[in-house]
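Undergrad: Since chain A is already given, all that's left is putting chain B on it; use the hints.
2 protein chains.
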Amino acid sequence: MGKIITISREFGSGGRELGKRLADALGYDYYDKEIITHISNKVGLSEEYVSTLSEQGMSHYVINYGRSFYINPDQNKVMTAQHEFLRSVALKGNCVIVGRGANIILKDFNPLNIFVYASLESKLERCKLKANEEEKLTDKELIKRIKEIDKNRKNYFSLFFDYEWGDKRNYHLCINTSNVVIKDLIPSLKSFVENY
Amino acid sequence: MGKIITISREFGSGGRELGKRLADALGYDYYDKEIITHISNKVGLSEEYVSTLSEQGMSHYVINYGRSFYINPDQNKVMTAQHEFLRSVALKGNCVIVGRGANIILKDFNPLNIFVYASLESKLERCKLKANEEEKLTDKELIKRIKEIDKNRKNYFSLFFDYEWGDKRNYHLCINTSNVVIKDLIPSLKSFVENY
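Heads up: the sequence lines are chains A and B, in that order. In terms of the numbering used here, the numbers along the first sequence are unbroken and rise by one, the last being 196. In terms of the numbering used here, the numbers along the second sequence are unbroken and rise by one, the last being 1196.
For reference, chain A alone in the conformation it holds in the complex:
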């Protein structure tokens, strides 16, 4: 069986770029948004909705009606499809998977888990560089968004997996990408994956 690399990343840390470049350097398959597309087709829900359900927390899971609430059944459908798809990918081996709880869902496959993080200033810079013209946000709005997305990820992991997202003990390697050109990290990361 080949190797499975999972990349968990703070929003704006460049983790997705790092994952893609690492997969290319290793000649591995790369999975990121493909996972959402697959699940979306499978369960017949929009990609945006699936994306939210597959990495976000309580507020999307539980729907409140005044004093009563019920568990959103779409969440379970998405979660089941997510597990199935990730396991089928893992069985093929030699892949890099970004996000979607792959590090936990595929625990039995002994993946190599990498966490990518950066300072808030650096994440803000990366987000500004990537923003489309039509979705220009102020720095304040962007910072709010960065914090919100990571808070949701943390909550999601805590709720569904009883797992502390971002705690270094849950990863083999944690990389700080503040003020770093992602491309420059790839040769050493490739070597790391090959020798760890």
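Hint data in this document are derived by calculation from the structure and do not stem from the laboratory. There could be a bad hint or two in this list.
Straight line, CA to CA, 27 Å or less: simulated DSS-like cross-link-like pairs of lysine-lysine [as the list claims (entries may be wrong)]:
id, chain 1, residue 1, chain 2, residue 2
1, A, Lys-151, B, Lys-1190
2, B, Lys-1140, A, Lys-168
3, B, Lys-1147, A, Lys-168
4, A, Lys-3, B, Lys-1183
5, A, Lys-168, B, Lys-1144
6, A, Lys-3, B, Lys-1168
7, B, Lys-1168, A, Lys-183
8, A, Lys-183, B, Lys-1154
With the Cβ distance kept under 7 Å, some of the chain B side facing chain A (calculated, not the full set) [as the list claims (entries may be wrong)]:
id, residue
9, Trp-1165
10, Lys-1168
11, Asn-1170
12, Ile-1175
13, Ser-1191
C-beta: ideal position from N, C-alpha, C; glycine also.
TA: Just chain B, lined up with the frame of chain A:
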């Protein structure tokens, strides 16, 4: 000016071996116990006492007499010598320094800061392999010692530097050495240092 690599490490994580091997691979100077020997000679205190004062917390810093207490003056002597020596080493450049607050004391030199950690089981194994025959401790005693040493390090950094020891944000790279042969990590770490 050359590069400065600092290694912070949990007790039993193999951080010292990693630092030594990395220095050898890079052809850099290596500083670890040499720092203690130098300070010991400089301030005229035993190496063991200097070692305790240079990386441990409150209990050695403040001496209690009933309700009154005073600040241990040796602590300040050691701290001054520690700063002076680390800065002289940094000015020469191209070095790997293990522990002793080098990542913070040399902050202005922009060192590359690496944190080495491992699971408790793995640290216990490493400690058992390294223990001298005459100091054989039970697993329970060893675990207590491992936890105590790291707790002291954490307290020391919090007290003297207002700094959270082990928080990934304070390092460029965090490496989990559980079940890993340290030697195998060196080529990728060397490449990481050269390209970061």
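Undergrad: Hint by hint, say whether it matches the structure.
TA: Right, here's what the structure says about each hint:
1. A:Lys-151 x B:Lys-1190: violated, 34 Å
2. B:Lys-1140 x A:Lys-168: holds, 25 Å
3. B:Lys-1147 x A:Lys-168: holds, 17 Å
4. A:Lys-3 x B:Lys-1183: holds, 21 Å
5. A:Lys-168 x B:Lys-1144: holds, 22 Å
6. A:Lys-3 x B:Lys-1168: holds, 26 Å
7. B:Lys-1168 x A:Lys-183: holds, 21 Å
8. A:Lys-183 x B:Lys-1154: Outside the cut-off at roughly 34 Å; violated.
9. Trp-1165: violated, 12 Å
10. Lys-1168: holds, 5 Å
11. Asn-1170: Interface hint status for B:Asn-1170: violated (9 Å vs cutoff 7 Å).
12. Ile-1175: Since chain A brings a Cβ to about 6 Å from B:Ile-1175, closer than 7 Å, the hint holds.
13. Ser-1191: holds, 4 Å
The structure fails hints 1, 8, 9 and 11 (numbered hints given earlier, in ascending order).
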